[in-house]
Structures are given as C-alpha cells and as structure tokens.
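Trainee: What follows is the residue order along each chain.
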Amino acid sequence: MITLVRHKKAWFPAVSLVFCYCHNSCADWKDTFQYHGFISQNFVLTSENNFYGDSENGSFDFTEAGFNVSLRPLNRLSLAAQVLYRRAGELEDEEVRLDYGVLDFTALGTTEARAGLRLGRVKNPLGLYNETRDVAFTRPSIFLPQSIYFDRTRNFALSADGGQVYGEYESSIGEFSLRVNVGVPTADKALEDVLLGRNRPGELRGKTSYLGQLLYEYESGLVRLAVTAASAHASYEPGKNDFLSDGDFLFQPYIFSAQYNGERLSLTAEYAVRNSDLKRFGPLFPNISAQSESYYIQGAYRLTDEIEAMVRYDVYYVNVHDRYGGEFEQRTGRPGFSRFAKDWTVGLRWDITPNWMARAEYHRVHGTGWLAGTENPDPRELDPDWDLFALELSFRF
Amino acid sequence: MVVHPNVPVSEIGQQEARALFAMSQRSWQDGTPVVVFVLPDSSPIHKEFCKKHLGMFAHQLRQTWDRKVFSGTGQAPEVASTVEEMRALISKTPGAIGYLPEAAIDRTVRSIIIREGAR
Chain A
1 MITLVRHKKA
11 WFPAVSLVFC
21 YCHNSCADWK
31 DTFQYHGFIS
41 QNFVLTSENN
51 FYGDSENGSF
61 DFTEAGFNVS
71 LRPLNRLSLA
81 AQVLYRRAGE
91 LEDEEVRLDY
101 GVLDFTALGT
111 TEARAGLRLG
121 RVKNPLGLYN
131 ETRDVAFTRP
141 SIFLPQSIYF
151 DRTRNFALSA
161 DGGQVYGEYE
171 SSIGEFSLRV
181 NVGVPTADKA
191 LEDVLLGRNR
201 PGELRGKTSY
211 LGQLLYEYES
221 GLVRLAVTAA
231 SAHASYEPGK
241 NDFLSDGDFL
251 FQPYIFSAQY
261 NGERLSLTAE
271 YAVRNSDLKR
281 FGPLFPNISA
291 QSESYYIQGA
301 YRLTDEIEAM
311 VRYDVYYVNV
321 HDRYGGEFEQ
331 RTGRPGFSRF
341 AKDWTVGLRW
351 DITPNWMARA
361 EYHRVHGTGW
371 LAGTENPDPR
381 ELDPDWDLFA
391 LELSFRF
Chain B
398 MVVHPNVPVS
408 EIGQQEARAL
418 FAMSQRSWQD
428 GTPVVVFVLP
438 DSSPIHKEFC
448 KKHLGMFAHQ
458 LRQTWDRKVF
468 SGTGQAPEVA
478 STVEEMRALI
488 SKTPGAIGYL
498 PEAAIDRTVR
508 SIIIREGAR
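From first to last, the protein sequence lines are chains A and B. To convert, note that position 136 of the first sequence is 136 in the numbering used here; the numbers rise steadily by one, no gaps. To convert, note that position 27 of the second sequence is 424 in the numbering used here; the numbers rise steadily by one, no gaps.
Because the hints were derived from the structure by calculation, they are not lab data. The structure displayed is predicted, hence computed values, not measured ones. Hints may be right or wrong, so weigh each one.
As the list claims (entries may be wrong) - Here are the in silico distance ranges between beta carbons for each label pair:
#, chain 1, residue 1, chain 2, residue 2, range
1, A, TYR362, B, ALA500, 44 to 50 Å
2, B, ASP427, A, LEU265, 37 to 43 Å
3, A, GLU327, B, SER424, 18 to 24 Å
4, B, GLY410, A, ALA107, 19 to 25 Å
5, A, LEU393, B, ASP503, 40 to 46 Å
6, A, TYR362, B, GLY410, 43 to 49 Å
7, A, SER231, B, ASP503, 53 to 59 Å
8, B, SER439, A, TYR260, 22 to 28 Å
9, B, PRO441, A, ASP387, 54 to 60 Å
Claimed, not checked - Beyond 10 Å from chain A on every Cβ pair, some chain B residues (computed):
#, residue
10, ARG415
11, SER424
12, ILE442
13, GLU482
14, ASP503
15, ARG504
16, THR505
17, ILE509
Idealized CB from N, CA, C, for every residue including glycine.
From just these sequences and the hints, can you work out the full model?
Mentor: Take a look at the structure:
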C-alpha cells in the first residue's frame, strides 16, 4: 500500500510570498534552485531468518529512492524538501513520504559563527548517519549497523515535525556545532509492533520530543566527535474493544560517536545506551522499563579512488540486565538469543562513476536481537547463527 | 583560487576557504551571496586543490556536501565540467569563487591568495 504523507498546506502561501517579495530585489534567486536525487536497488540473501523480505529465498524487496529540491530566495532564507520512496520487505509498508521539508532562516552568518532556525519537518541528527541513512552513497555499508540504526523502528527516530535551532562556531582548534530539535516524531505501525507486540486496535501518536547534538570537527572532518541525547515520546489512543489503556512510551537514547577520516583510512566507533519505558497500558500489559546497549567499531580503507573495503563488528543487547536473554526465555518461553546480536560485517564498495556505485557485503550474525517480528512471526523458527549476503546498485544525480 | 571581480576580498585564511568550499559560509562580508564552483570529484585539479590549498581530502568534501544536500541543511556547489567553463562561469557570476590553474587565469576573473594556516 502506498501512503502519501500530506504536505503542510500552510507553507505554500508563505513560499509564494517570499517569491513575490524577492522577485525584483534579487533577480538571480532562480539560479539558486537545485535538485538532486538517488535510487538504490538491493538484493538480500540469508541462510536463515528473514530481513528485508523473503531473504531466505533471495529478496529484491528493498528499494530506496529520493528526490529533493532546494532554493535560496534570500541570502538569509533557504527552502529544501525531499520526497522518499521506500520498499522494505515486511519491515514496513511500502510508502512515499515527505522526508524533510524545511524553511531555514540564518540569523547570524559571519566567517567564524553561524546560527539560525529551521522550521518544518526536520531530520534528526542522531549519531553520525541518521540524517542521510536512506542515501546509499552516504552510508558506510548497505545496512547501517543495526544495533544503533534499527531499520525496524526507523521512522520514529528519523525526523520530527517542528523546528531546529542550530549554531556553528569555528575556533582555532576546530569547529563546534550544536543542534537542538523540538518536534513531533512519526509513530507508525512498525513501532507499534515492536513496542506492543503486534498491531493493536488503537493508535500510537508521537508527542513533543527533544533532541540535541553537539559535534566537534577537527580540520574540517579529519576527526569528528559527537554526543547526541534525545527524549522521544509517544502515547497510545485505545481503539474499540481494546484491552490496552492510554499508555505512554518514553525513549531516551544517548549516543557517543567518534570518527577519523584519513586520506585512505577511515575509522568509526559509536556507543549508545537507550532507556525505554512503557507505562500505564492497563492491568493486562505490565509496565516495562529497559536499558539497551549498542556499539560498533568500523574500519574502511580506500584501496584506490574507486574501491573501498570495510570491516565492522556490531553488538546489541536489548536489556543490559539480561544481556543473553536467560531470564527473558524463562519468563516468556521465547528464545534468549532474540535479545542480543553480534554482527561481523565485511564489504566492498565500487564507485563505478561519480553517479553509479555498487556494493557487496557479507554478515555473520550471532543472535537475532534486531530482526523484526513482522518478518519472522514465529519465534520458534528463528535461528541464532545466520549469514547475510547483500548486493546494492545505486545511482545519484 | 579565483573569484568574480566584484568579490570584496583579496586574500582569505585557509579556515575561511574551507568554510566557503564546504558550503557553510554562504555570504561575503558585504552580504553578497557566495556561489561556489568546483570541477568534478574525479578531476586531478580538484583533488590537488582540496589537498594542497584546503588541507582536506576530496572525499571529505563530498561527504560534507552530501550530508547537507540529503538532510535539507544546505546545498551543493555548482560543478563546471572543464577549466574553461569554470573561468567563464566565475567571470559572469557575481559573488562567485572557484579555482583555476595559474595558466588559465586571465583578466575576466581575479586571483586571490589563501593565507596558509591562518584564519
């Protein structure tokens, strides 16, 4: 099913007003118009368990495409919007959505310091890769490290409808930037499935959420260090004949990121802890409070300008107080290995031309912690030791 | 490094040059919008310019542009396919900045200096 997320209607009068205003004062605003896009087709094959479609039999059910436009009608004002198409097996419904739609006011713009405000649907700078996670060219691999960049609950973390205040300062020791987002996240059926076990009669709705990221860059990105903290909220509106009551979900991730980008070698590591709380869903759904932990270490080496090899070790624990799921298995009868995952990945990237890129990667995974229930409905059929092989072809303009 | 003759600077620090080519600094001191021109990523002149004059790698710059373009937080520079096209575009675009090999610089554009290390 294709769902088209509606554009914010209130924008159009504002946009046309800006255009009329600057029609005479800046004759060349049209020259600032840009459009870019990408399309990626992937193939996924797993030895056991399903990821992005019926991957045990080989799945082509993973396609991503995006198209964006941007314009700077005034020196201090710019507009940008991107539409994203995504097909992702049974992880979520096939959809076309507004990925971002931003009105950006630069309040301050000097050589050393910049500050401003972005309004609209703003991407969340969560860790190093979240903002452009769907653009294959910007990712280090076909699949981002799933311990931190879950694909099964991606939309909740992806963007927020609201605003972002940003500030950048270039000091003699490097550049510091701070971004703070306030807005309402997308709470979809995929999130409902992960949180409440399956699609329930009622509906989860995003509530005002907060995110902040402080980033330090040395020598224009030779070294990048970031700390991200967020507090995301959603609440449940019960449906008819629903045994759940109007509960709340609170999600608080803290992510620490470090990256080195040399001429040939890049090293990246991220560590995250997340607290999640499910409260007040009624007598039949006990309160759940869990702390999960994730980290990965990744190295990439540019053998030539066109060929890059990567290796990564990625670890995820759903609950730090029950890392290998022993208690969980006793309590629920479901396998303990579904509460963690350790993933070794090796991959190759080939930049055929500046516009075309191909990739191949292999994962050896122990544990099924980040697989989705929608793709693997029967927990008894899960296998704790599995292999994943994937191919990608991507085009950009 | 060369600019359109109306650009109000004669020399800039390496840090400012980076901010300009990274598409972070979007206007000159007098408020004129900056228009950045580059050669394709694969061009040896582009690679050398990044490494020698900006002190960064072409792939770092590409990452920075892609992050901006695909997250809605900025724009990419204009790409000129040849040195001649770069010169022609800079000469007719107010606020333009780019780079050219010494031999390709003529009176239609103005050459400016990057102060090494300084701001």
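Trainee: Looking at the structure, which of the earlier hints fail to hold?
Mentor: Of the numbered hints, 3, 9, 10 and 11 do not hold.
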